[in-house]
Every structure is written in structure tokens, then in C-alpha cells.
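Colleague: The listed protein sequences derive, respectively, from chains A and B.
Quick note on numbering: the first sequence equals residues 1 to 347 in this note's numbering.
Quick note on numbering: the second sequence equals residues 1001 to 1347 in this note's numbering.
Hints are computed from structural coordinates only; laboratory data are not their basis.
Because the structure is a prediction, the values reported are computed rather than measured.
Watch out, some of these pointers could steer you wrong.
Claimed, not checked - Label-pair restraints from in silico Cβ distances: (1) A:P243 x B:R1330: 46 to 52 Å; (2) A:A307 x B:E1249: 55 to 61 Å; (3) B:V1075 x A:L189: 28 to 34 Å; (4) A:T186 x B:R1280: 17 to 23 Å; (5) B:S1144 x A:T336: 51 to 57 Å; (6) A:T246 x B:A1140: 52 to 58 Å; (7) B:G1096 x A:A303: 56 to 62 Å.
What the hints assert, rightly or not - Which bits of chain A does chain B cover? Going by a derived footprint, with three or more residues having C-beta under 8 Å, they are: (8) 25 to 39; (9) 220 to 227.
As the list claims (entries may be wrong) - Not everything, but these chain B residues come out facing chain A in the computed CB check (under 7 Å): (10) A1197; (11) A1223; (12) S1248; (13) V1262; (14) Q1324; (15) S1327.
Built from N, CA and C at the ideal position, the CB exists for glycine as well.
Number of protein chains: 2
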Amino acid sequence: MTLQQLLGIRLPVVQAPMAGVQGSALAVAVSNAGGLGSLPCAMLGPEAIRDELAAIVAQTSQPYNVNFFCHAPPVPDAAREAAWRKLLAPYYAEFGIDPQAIPAGPGRRPFSHEAADVLEAFRPPVVSFHFGLPAPDLLARVRSWGAKVLSTATTVAEARWLEAQGVDAVVAQGLEAGGHRGMFLTGDLGTQMGTFALVPQVARAVRIPVIAAGGIADARGVAAVVALGAAGAQLGTAYMLCPEVTTSEPHRAALASDAAQVTALTNLFTGRPSRSIVNRLIRELGPLNAATPAFPLAAAAIAPLRAKAEAAGSGDFSPLWAGQNASACRVVPAATLTGELASGCSG
Amino acid sequence: MTLQQLLGIRLPVVQAPMAGVQGSALAVAVSNAGGLGSLPCAMLGPEAIRDELAAIVAQTSQPYNVNFFCHAPPVPDAAREAAWRKLLAPYYAEFGIDPQAIPAGPGRRPFSHEAADVLEAFRPPVVSFHFGLPAPDLLARVRSWGAKVLSTATTVAEARWLEAQGVDAVVAQGLEAGGHRGMFLTGDLGTQMGTFALVPQVARAVRIPVIAAGGIADARGVAAVVALGAAGAQLGTAYMLCPEVTTSEPHRAALASDAAQVTALTNLFTGRPSRSIVNRLIRELGPLNAATPAFPLAAAAIAPLRAKAEAAGSGDFSPLWAGQNASACRVVPAATLTGELASGCSG
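With the rest of the complex left out, here is chain A (with noise of 0.2 Å):
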């Protein structure tokens, strides 16, 4: 079966799920043009994601996707969350933040019964997951309206568990992919291999099909990682700068300027590795920050001075996430790209 019977759509293009910087107006734009649209909601309360959803079916009949973290919730840890603050006191100074005012706060949500209740409503076609798969009960849930289930794999191990756990396809996700590596089964960043190596040997390892993550651009990036045993391609940072997407505007500016071309896979804004442009908090900090709390804690602190700094028209202290080929991203509408984007395969 082919990537666009199993998901029954027209193009074997995934747009990834890029929370906190897209929400319906793209995920209705992909589908419309025939891809599949994802709407990311780790960052969506159970309201939210019910307007967006609302949003979607409203905008289009064709399949799309909603994508959830499943991660566990972290222990909150006064003492690990006091160093994170005390690094970043310094800048507070400098933007006059007062750290006792800083709320705490997840930021980022795992996939719960509350927002499987929003979905039953819905009945999303296709539901996809980050870092693994919910709790059984939870897996059970979305799969008893007749829901596709996707989950990321950054090693041959964790595809090969996902799909004993009967998920329908499984996206590889290649060391070049922008935002958060999607890892699960180890913490070991020394096991996450480049698209062009872990493509094909997720291929080789399980039948379910293949998306390619990682590093994909345009449409010999996708003819590419066809060539290589992919059923399709998920593709986050070729997007970016759509009018759909609500991307900052230095987060914009960073994409399209040579900043673009030295990223970083960083812990510093949520606690998990991610890739993003390298910005001033990343240069003096380290990417890869032993004082940070756990993932999602450590974007509480760094939120307030994320604000000041935007406000002012700087990314010095926003995740500008993006892939390692930003050199393709242009201002077009997401349904053109779409269609280009698949103009690199037959299938």
C-alpha cells in the first residue's frame, strides 16, 4: 500500500508539525493542496485545540493530522530549577526582569484523556505522535475511530518498536530535522544519524511505510529520499516562511539571512535536544546545557526573556528552530510548495 492510500491523500507530502509557530491556517492550506496538513497541539490547551480543529474541518474535507508529545510529565525539582534561573540571571539584570515574577509552567503538554476527548469529536484521520506513544489505554483511544497512527523514529530501534506497537507508518527522522529530535528508546544524541544514513536503514527494518524527515528542501529532496526507500517526505522548515505560518519575525529574518546556515542542536529552551539557529543565548550559554531542568521546564525561565528580546525585534533568545537547509525556504503559499514539493516523485 502506498503512503497515499493508507493516509488517503493525493501527494505523498507530510507538512510536520511545527508547534508554536503553526496552527490550522497552514495544516487546512497543506491538505487543500493535497498533502497531508499537520496541526501541532503540545502547546494547545483542550480549548484550543478544539477551535483549531473546528477551524480545520471548516476549511477542508480532505485528511489531516494532529500531532501531540507524549512525553512524560516531568518532576518538578526546586533546586535544579533555582541553577537554571541563576545562569540566566544575568540577563535578567540586563532586561530588568524580576525572576520572582517569572510564572513556572509546563509549556509544552503530553497527549492526555482530556484532549482525546476533544478529539472523539472530531474524529482526525490521522493522529501522530513525538517522542513514542501515549499509554495503551490512551493508543486505544484514538485508534477506536479508525484514526492512522504515526510516530517518529531517530534510530532503526525505535522504528522497529513502534512498529511491533502497530503504529500505520512511521516517520524517520534524519539528524538534520529543525525542532525537537523525536528521540525515545536513548538519550545518547551519538545514535542520531544523518537522513541519508538512517533513511535507508529504517526502510530495510520494518514493512510499514517510510516518511523522511530531516534536511528535505524542495523537490529533488523528495525524489531523493524516495530514491532511498522512503513512501513520502515530512517536511517543517521548507514551510516556514509561507504566509501561513505565524513564525516571528525574527525567527522570519533568521530563516532567510546566513544565520541560517550554522544550527545547533540545543537543550537550552525546553530541556530536549532541538535543532535551531544558533542565536546569542545558544553562543554564550552552550547548546547543550547541563543546568537545564527537565523537558518542558526549562522554557518557563526563558520565556520573559524571549519576550523582552522580541519585542525589540531580536531572536537572541528565541528557539529559531529550523532545519540544517533553510537555503530553499521561500515566501510562497504553503498549497504552491506543496505541489512543487511533489512534482519529485511519480508515486
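Mind docking chain B on chain A? Use the hints.
Modeller: This is chain B only, laid out in the frame that chain A set:
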């Protein structure tokens, strides 16, 4: 002009030069099969280079490549060397090695007039470099007999620099590649991109042919880099189990095992970051250790440990060079493999 026309070869497949694990036998086999065989000279003195070149021209009339490093020779630093040996002291004790009896030594030599004297007699049709290019007078000598000149780029900036120096083709080395990173304009590993991100960006940035390297394992991989804009593919790891390769038994065993799933960029073996399968030394000292002497001086202190361990059948202290995709390595004649690889492209 195609890569084949430029280099006078039939198939757009370059066998990556792999110093320490192969000599003329592999180069001859690949060149006779229609690809570009390569003789790595970084670890050979002038007489050995002469002998190997004589063996090549005696066995093939096809074009071949000779490869040299062109690093600046390091200034020995006694304190740094002492610190490095102190770090290794527990291993010397474990193996009963007298640290006073370990000879210092360069390990890898940069291209020199002495080497050029040897080359002149053979006029090799292709000369490739790693770590940039040699001094202008040395490069002029190579060009004097009409040799085509290749060098490695790990960033778009390095590719542009090499094109400006007049190289005939550039090897775009993605992060997946085994062995030494060819980086020379930067020492920042954060700039190093996966093949999927690097190749299209380099192909767009320069007009000379781009040879993709890193993570390519089979005909599908060759087809994929051609889709990304490469004129050809360079493969090393894929050849590592060929009978023409002098790979050590522990190295062969590691390549053929699950251990090959986890590689790291490490500076432990030479002082420069190179990709190796993770072994005991890397696990225990960390892949990137600040105590290593400058390239290539780190190698001398490791040599006796490696010799003792390998004599006992262990690769614990060996540089187990490998790219991130050893999964397709097979015990197959290099000529057979070369033909199979080239079936991935119509060019």
C-alpha cells in the same frame, strides 16, 4: 561537463581514499571497474608512495586518484603531550606498556615537495586533497602535468573557497561520512551538515561538479545524491569489507555487527574529529577530549595500546573508521560493488 568526462571515467563513483585501511589493490580494482580508485598517501613515505603508484600503473590503464592531507604541521607541545599520556597512563599500566618507550611521530604527513617529486614520475591523472589545499607552489606542481584536482568541502563556504582556488570538482562531505572531517575554514562542528542538507546547498553555490560523500551505501544512495544535484558519489564505508581492503579483523567485525549502529566524531585517535564506531576508548574518555595533542600528534600515544589490543583480537583502542551507514557493507569484490553502485544512476 559530466564528472565522467572531467575525470575520464566510465562510472560516476569515486572510491574514498581511506588511509590506513587500503592501498593500491582497492584503487586498482575500482579503476578497472570503471570508477575512480583512490590511493590514500597520508600515512605513506615517498618510497611507499612510489611502490604503490608502480603497482597501480602496472595493473590498470584507467584513471586513478592519489589523495593527500594538507594540514599545517603542528608545533609539538611537550606539556600537552605529557597531559595526554597521563590521561592514558591507566591503559599503559593495564597492558604493561612502558610510556617512556613510545616514540613520538607525525603519523600523518601533509603533501610536500618530496611527495610531489614522486608523483611527477607517474603524472597521476587525479590528485585529491583533504583539509583544504596545499601551498600554491605545490599545487602548481600538481597542475603542471595536467592532473585534475579535487578537494573536500564540509560547508558551503569551503566549497566556494575551493572553487575560487580553481579545483576541478569538490567532494561535499556530509556529517554521516566515516573518517576525518575535511573541514579547514572552520573548527566548529556546529557547522557540519548532514549529506541531505549539504549537497543541494553546495550544488547551488558552485559551478564545478559536486561529488557527494557521507552515508551513501548502495545504488539507491547514489541515485539519491544525483537527485540532490550531485554529479557523482564518493563511498568509503561501503568498500570496507571488500577483500581488496586491508581492514583489521576487529575493524571488520565491528563493521559487520550492531556496534556499527553507533558512531561518533572523535578526536582521540589523531587530534582531529573523525567518525569511528564507538569503542572502549571513546566511551571512557569521551569522543571529543580537550587533552589530545594537535593533529596528527595524538596518534603516537595511542599506537601501542592499539597494537596490544588488536593482537588480542580487540578493537577497543583502534580507530574503527566508519560512516553512519555500514548496514549495506558486504564481503564482495570491489569491482562488483562498483558496478552495482553505478546502476543507481543513468549518467
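Colleague: Work down the list of hints and note, for each, if the structure agrees.
Modeller: Verification of the hints:
no.	hint	in the structure
1	A:P243 x B:R1330: 46 to 52 Å	holds, 49 Å
2	A:A307 x B:E1249: 55 to 61 Å	holds, 59 Å
3	B:V1075 x A:L189: 28 to 34 Å	holds, 33 Å
4	A:T186 x B:R1280: 17 to 23 Å	holds, 19 Å
5	B:S1144 x A:T336: 51 to 57 Å	holds, 52 Å
6	A:T246 x B:A1140: 52 to 58 Å	holds, 55 Å
7	B:G1096 x A:A303: 56 to 62 Å	holds, 58 Å
8	25 to 39	violated (count 0)
9	220 to 227	holds (count 6)
10	A1197	holds, 4 Å
11	A1223	holds, 4 Å
12	S1248	violated, 22 Å
13	V1262	holds, 6 Å
14	Q1324	holds, 4 Å
15	S1327	holds, 5 Å
The structure does not agree with the numbered hints 8 and 12 stated previously, though it agrees with the rest.
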